[in-house]
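K.L.:
Chain residues, written in single-letter form:
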Amino acid sequence: DQQVKQNSPSLSVQEGRISILNCDYTNSMFDYFLWYKKYPAEGPTFLISISSIKDKNEDGRFTVFLNKSAKHLSLHIVPSQPGDSAVYFCAAPSGYALNFGKGTSLLVTP
Amino acid sequence: DTGVSQNPRHKITKRGQNVTFRCDPISEHNRLYWYRQTLGQGPEFLTYFQNEAQLEKSRLLSDRFSAERPKGSFSTLEIQRTEQGDSAMYLCASSLRTGPRGTEAFFGQGTRLTVV
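Protein chains in written order, with the working numbering: chain A, 1 to 110; chain B, 111 to 226.
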């Protein structure tokens, strides 16, 4: 059973606009969340994380918001750039494992 | 390049054959993970090593799969009697962070296995 869900397989955004990628989780014991970015033929690379004691974490153009009551988090990219085109995975640790969502493929068009 | 290195990058094998993949983690990282990714899915956890000790195994790791990390350095993942369902990208990751979270792991480029 998928404990981390990304229900949008793909998203297309114009360059300069905001990209919003969503993630839902079912396990209320999760207390830390990560976003990874993956280009074709490469492994995932860590992007940003958030602890459940916060509701927002910002790093440059990337901001992650956490709504614990809704078991929902989102990644905002502002402004979006063509180089941001990649697959984005939401993940949460459980034991030593990372539980990943299925990913959202973001395409930023010029 | 001082990142996580995986070899081979691609492997095509006939059903029933054995295959072995190698992972060289970032040198100072004591934690090493294996994941599997199939088309349209996120990476799925297979197993975890802390130094040379294998501390966690997923139920996905059937009896045909075995992983080792001798001397706490490189790791190998062997699949015996491969099946077509084993076709996937096998990802290795390493991290240095203490505590049980296994966060912010650095991934290699993966080994793509195709079983024909």
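Calculated from the structure, these hints are not laboratory results.
Among the hints, a few may not be true.
Quick partial rundown of chain B residues pointing at chain A, CB under 10 Å, derived from the structure [as the list claims (entries may be wrong)]:
no.: 1; residue: V114
no.: 2; residue: P118
no.: 3; residue: R132
no.: 4; residue: D134
no.: 5; residue: G218
Distance ranges between label pairs, derived from CB positions [what the hints assert, rightly or not]:
no.: 6; chain 1: A; residue 1: L11; chain 2: B; residue 2: N128; range: 27 to 33 Å
no.: 7; chain 1: B; residue 1: G113; chain 2: A; residue 2: S105; range: 31 to 37 Å
no.: 8; chain 1: A; residue 1: L11; chain 2: B; residue 2: I122; range: 39 to 45 Å
From the structure, some residues in chain A lie toward chain B, with a derived Cβ separation under 8 Å [unchecked claim]:
no.: 9; residue: L34
no.: 10; residue: P40
no.: 11; residue: A41
no.: 12; residue: T63
no.: 13; residue: N67
no.: 14; residue: D84
no.: 15; residue: L107
A quick note: this is a predicted structure, and the numbers were derived from the prediction, not measured.
We put the CB at the ideal spot given by N, CA and C, even for glycine.
K.L.:
Just to be careful: measuring from the Cβ of B/D134 to every Cβ in chain A, is the smallest value less than 10 Å?
P.N.:
The hint is violated - B/D134 has no Cβ within 10 Å of chain A, the shortest such distance being about 13 Å.
K.L.:
Once the shortest beta carbon distance from A/L34 to chain B is found, is it less than 8 Å?
P.N.:
holds (6 Å)
K.L.:
Taking the least C-beta to C-beta distance, is B/G218 closer than 10 Å to chain A?
P.N.:
The hint holds - B/G218 has a Cβ within 10 Å of chain A, the shortest such distance being about 5 Å.
K.L.:
For the hint on A/L107, just tell me whether its beta-carbon gets within less than 8 Å of chain B.
P.N.:
Status violated, d = 17 Å.
K.L.:
Does B/P118 pass the interface hint, meaning its C-beta sits closer than 10 Å to a C-beta of chain A?
P.N.:
At 14 Å from the nearest chain A Cβ, B/P118 fails the 10 Å test, so the hint is violated.
K.L.:
So, as I understand it, the hint says A/D84 touches chain B; can you test that by seeing if any CB pair is closer than 8 Å?
P.N.:
violated (19 Å)
K.L.:
Can we keep the A/T63 interface hint, with Cβ of chain B closer than 8 Å?
P.N.:
violated (18 Å)
K.L.:
Regarding the hint that A/P40 lies at the interface with chain B, is the smallest CB-CB distance below 8 Å?
P.N.:
Not OK, violated: A/P40 not within 8 Å of chain B, min 11 Å.
K.L.:
Check the following: the C-beta atoms of B/G113 and A/S105 are separated by a distance inside 31 to 37 Å.
P.N.:
violated (24 Å)
K.L.:
Starting from the hint 39 to 45 Å, judge whether the C-beta atoms of A/L11 and B/I122 obey it.
P.N.:
violated (33 Å)
K.L.:
Does A/N67 meet its interface restraint, that is, does its C-beta lie within less than 8 Å of any C-beta in chain B?
P.N.:
This interface hint is violated because 21 Å lies over the 8 Å limit.
K.L.:
Go through the hint on B/R132 and say holds or violated, using the shortest Cβ distance to chain A against 10 Å.
P.N.:
Because about 15 Å separates B/R132 from the closest Cβ in chain A, which is outside the 10 Å limit, the hint is violated.
Violated hints for the displayed structure, listed by number in ascending order: 2, 3, 4, 6, 7, 8, 10, 12, 13, 14, 15.
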